[in-house]
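Asks: As they're listed, the protein sequences go chains Y and R. Heads up: the first sequence begins at 1 in full-length UniProt numbering, then just goes up one per residue. Heads up: the second sequence begins at 1 in full-length UniProt numbering, then just goes up one per residue.
Careful: at least some of the hints might be erroneous.
Straight-line C-alpha distance at most 20 angstroms; calculated PhoX-like pairs for lysine-lysine [to be verified]: (1) K346(R) to K514(Y); (2) K238(R) to K209(R); (3) K233(R) to K196(R); (4) K596(R) to K338(Y); (5) K482(R) to K496(R); (6) K348(R) to K596(Y); (7) K579(Y) to K579(R); (8) K346(Y) to K346(R); (9) K579(Y) to K577(R); (10) K549(Y) to K594(R); (11) K496(Y) to K514(Y); (12) K73(Y) to K73(R).
Calculated directly from the structure, the hints in this document are not laboratory data.
Protein chains: 2
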Amino acid sequence: MLRLLHNASQPALKSTQRRFLTSRFYDRPTLDFLLFDNPAIITPPTDATTQQVLDSASSFVDRYHHLDPLFDKFEPQFDPAFMNDRSSPTVSPVKMHEQVKEVLDAYSEGGFTAMHEMDLPFPSLTAVSAITGSAFTSGVLGHWVLTQCAANLLKAFGSPDLVAKYHEPLTDGRWTGTMALSETQAGSSLVDISTKATPTDTPGTYRIKGNKMWTSGADHDMTENIIHMLLAKTPDNKISLFLVPKSIVNDDGSLGERNDYTINGVNHKMGCRGISNCYWSLGDNSDGATGYLIGEEGKGLQAMFLMMNEMRIHVGLSAALCGKRGHLESLNYALERKQGRSPTTKEKETIVNYADVKRMLLTQKVHSEGALALCLLASSLADSSKTSEEDKHVLDFLIPIVKSWPSEFCLEANKWAIQVLGGYGYTSDFPLSQIYRDNRLNMIHEGTHGIQSLDLLGRKIAGPGFPLLIERMAGCVERAAKTGDDEIVPMASHVKSAVERLVEVTKKLGGVGKSGDVQLMLANSHDYLNMAGTTVIGWLWLEMAIAAKAKSSDPSESFLHGKVNACQYFMIHELSKTKHQARLLESLDDTVIKTKVEEL
Amino acid sequence: MLRLLHNASQPALKSTQRRFLTSRFYDRPTLDFLLFDNPAIITPPTDATTQQVLDSASSFVDRYHHLDPLFDKFEPQFDPAFMNDRSSPTVSPVKMHEQVKEVLDAYSEGGFTAMHEMDLPFPSLTAVSAITGSAFTSGVLGHWVLTQCAANLLKAFGSPDLVAKYHEPLTDGRWTGTMALSETQAGSSLVDISTKATPTDTPGTYRIKGNKMWTSGADHDMTENIIHMLLAKTPDNKISLFLVPKSIVNDDGSLGERNDYTINGVNHKMGCRGISNCYWSLGDNSDGATGYLIGEEGKGLQAMFLMMNEMRIHVGLSAALCGKRGHLESLNYALERKQGRSPTTKEKETIVNYADVKRMLLTQKVHSEGALALCLLASSLADSSKTSEEDKHVLDFLIPIVKSWPSEFCLEANKWAIQVLGGYGYTSDFPLSQIYRDNRLNMIHEGTHGIQSLDLLGRKIAGPGFPLLIERMAGCVERAAKTGDDEIVPMASHVKSAVERLVEVTKKLGGVGKSGDVQLMLANSHDYLNMAGTTVIGWLWLEMAIAAKAKSSDPSESFLHGKVNACQYFMIHELSKTKHQARLLESLDDTVIKTKVEEL
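Here chain Y stands alone, though its shape is the one from the complex (with noise of 0.2 angstroms):
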């Protein structure tokens, strides 16, 4: 706590500020705003700490960000002639800039990685993430993200005596944490994971054999041990859950032998570069590598979805940051860049000014703040399903918009931010080329597009979750409509359409659904995630207008006048493409299931 505080030196900006006295990592006002005055959507902090968290968080950001360019440049190296090498803890063969390690340990030891702890709410660590993560896509986020939810599932599931043991040294920092779901053979497909685990003598204790691929940070050399939460098959030929460790932890917590599993080459990734991505093999030298059970035989997956829930929180965050670091890079640029002749005037114009790169500055703002107040209400939902059972099924249902939503529209907005820069934007000059690499794994990582659409459209629409939210919807469209205010009124009803079309065409499709005919029902799925998402993002939108003219007093105050404009760009250029969607989705069309493979 104390060494968390102690960073705290940053006094808080005046929204009239801006961003523009900012760095240009994250939009603390955006936060700020989004955090504390969009009550209907995200329970406000009320705790002390929160602010002072924050404070810190940009203190980190400010000192360290000027690492995160070396991360993508010097990627992971594989070096083989350590594969087999034992001599200590941290040997490794993967071997990471040196930086990264320096930055995760300022990470630690300034007390982020022990907030789980903290008993703070969800929106304000997810915050203190927006912020952190805007310079560390994966040198932090990506290593800190893990390790808690895998201290977080090893807290729920696992027996004392692995929490005794293993539990404080991932929040304290010591070591990190991984998911070990993926074989080359099954991606998406969890079920068809070969990975078998035989039980011991010792209760608990088992001998795992197999192959494990894609695990980020799956080996590095800068932690004394590592602890995978990994799937494999008990003898029944059921998924189960093991928390793996690459070394041996004795009873007085010292560290013993290496566990027998090898790292066999790092994956080489076009973005996200501050952590390792490897493919290795279990018990090659041996019966197996010692693996301990976590909750009961045949439970992993179930166990495994509590992570994934949350993982799935994190890469939309993830995309989200993306996002509006584009957007603050690019309107940074755009605001200082001179070219050209005004259209108007022919006098030379600071780009800004011309319509078509506010259109793209546009796009981005909308993007990904609408991304941003999208995660921030998962997190909030997230916090209330622990005592809501209503908000856990509103949750339910967003979590595969959650991950896909702002993965697919803040990458478009990374897009933009390229396109304002022009050939700055693709030179390593300019970071921009590095936040869209490192964007573009988000629409892959915890599961792709597909999958996230098979599972809204295929389970979650006939769940309690879509009715719940739908009510939601429409009681924020009646407080617009009860403003009265000119602004508002016009738009609630562009989201009341936008809603009643969503609630048809979720009706036409799951009627489809139900009538046997899965294939036609799926074949549009992807379209009907885009709906969806877009649908709700609108209602954020609008949310966040209601909450900027709720609190300016002065209707010049351009920060919140900037929120009601960014809305009304949304209504009218995004969420009006629901309209089109809808048609299409509505006609059932067939032309893709018909298609011959050979046609393709």
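Based on these hints, arrange chain R on the given structure of chain Y.
Replies: Positioned in the frame of chain Y, the structure of chain R alone reads:
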């Protein structure tokens, strides 16, 4: 000639053998279909040589394609130790991967650089580029296109002496050429260049002082000379065009002393790394670098537009190739990859059978083949423009679309190509991430989207090309309706409505522009560009469907029916978006222009 034909060993493939038997880099049956079977839009080459050069191009790609990933991995490096080293003609601070030279040499030895001198139809040349460029977006296509364009420009406007000295070495591949337009302060706005050219006592010879930025291929260590087509201002402050050689060429053709310019560095790009991109300064050590006036003083921009139009077709083509190659790579993967279970049979499934994977493949197909058709149409019009004023006008209108639509929508296609592969899509084990990164530059190369959309809406719609284009599209609709074919007729009505919408929207926006509200007209220029482009591509798909039907004697012929099916997909899923775009454009929304800078 002989050299070229010498390579023509690969037999033409029957379309039934389809792409599964061909290289993953290009789709020869589709190219053949476009070139030879679509006489309504592309004049079919009747020469005996076209098939042979296409076969040669295929052999070239089959032989050298494996080198392209190396050019991406080992991007051009700048070694300051050689900045002032003029000890030999080829010495350069810009170090290319050594095999770039090998490929370029093979390309010119194969006779490809001399193709322009062979009087081949332009669509045939474009088709050759579509094959060779599919494997070497930048390494070959970049160098060759620039060199060819420089040679054409020289031939069109240069004095007989200059042509005699410089033209042949450019076309036989001994030297390379560049376009040196942009400067740091003048990217999209060439009127603001500050490089100065001062006449000397020798008529036609000038001393040039200034700086250039973003010059592709400005320097490298591969050829004995490099010839820059450079814009500079003459003392009357007018923009003129100059030929600036790396080494001065003596009257006997031998190389004299090095010209006085200095390469100051290379831009590190996220893609297209097979060609360098430099910033450089002229005349640092003297009263100026030597340049030779091409054409008349003050007519530089007009001359350069000739080259730029050609370049813009090539940028569109490069984007289309990236789109097509991504389509083929992801199709191949989808045909082999087993993952998950069928939603109906619950058996293990090859992913190509999933509806959402088919959607991603169809989207890529319609975007990339539509874009390819557009580039071939533009090439055909470039030929016929020599004798037809009407065709010249139509091409003039289409140029901004040819440059822009492929570069936006084939990038979208590449996004889906990555998505089909999941995690493999973003690793360097597969070529998708390189293609995606290469393609991202095309939205900026040769004038950004913003610039193109201003050209289209601010200038082109008022010219004679627009009504002529509309007439042609309407003519196609009429022909389609007359077929009486029950697949073609409904598609014709889609295109008919889209064309009518485009006419209406253009009238409305043009009216606003004429009434003096230029800002309001241009506020939605990007949407207009997209709408016009999508309508044009819709027309081309209809032409392809008509041609496929006309060619097919057997309705089960999957290659040809695949075209009809793709057309249907484009109509329903893409062309239908123009309804929404039209409504939005006709509403003359002014949200963007009324947005204050501080609200962005």
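Asks: Would you mind marking each hint as holding or not holding in the structure?
Replies: Each hint, compared with the structure:
no., hint, verdict
1, K346(R) to K514(Y), "holds, 17 angstroms"
2, K238(R) to K209(R), "holds, 15 angstroms"
3, K233(R) to K196(R), "holds, 5 angstroms"
4, K596(R) to K338(Y), "holds, 18 angstroms"
5, K482(R) to K496(R), "holds, 13 angstroms"
6, K348(R) to K596(Y), "holds, 19 angstroms"
7, K579(Y) to K579(R), "holds, 10 angstroms"
8, K346(Y) to K346(R), "violated, 65 angstroms"
9, K579(Y) to K577(R), "holds, 10 angstroms"
10, K549(Y) to K594(R), "holds, 18 angstroms"
11, K496(Y) to K514(Y), "violated, 27 angstroms"
12, K73(Y) to K73(R), "holds, 12 angstroms"
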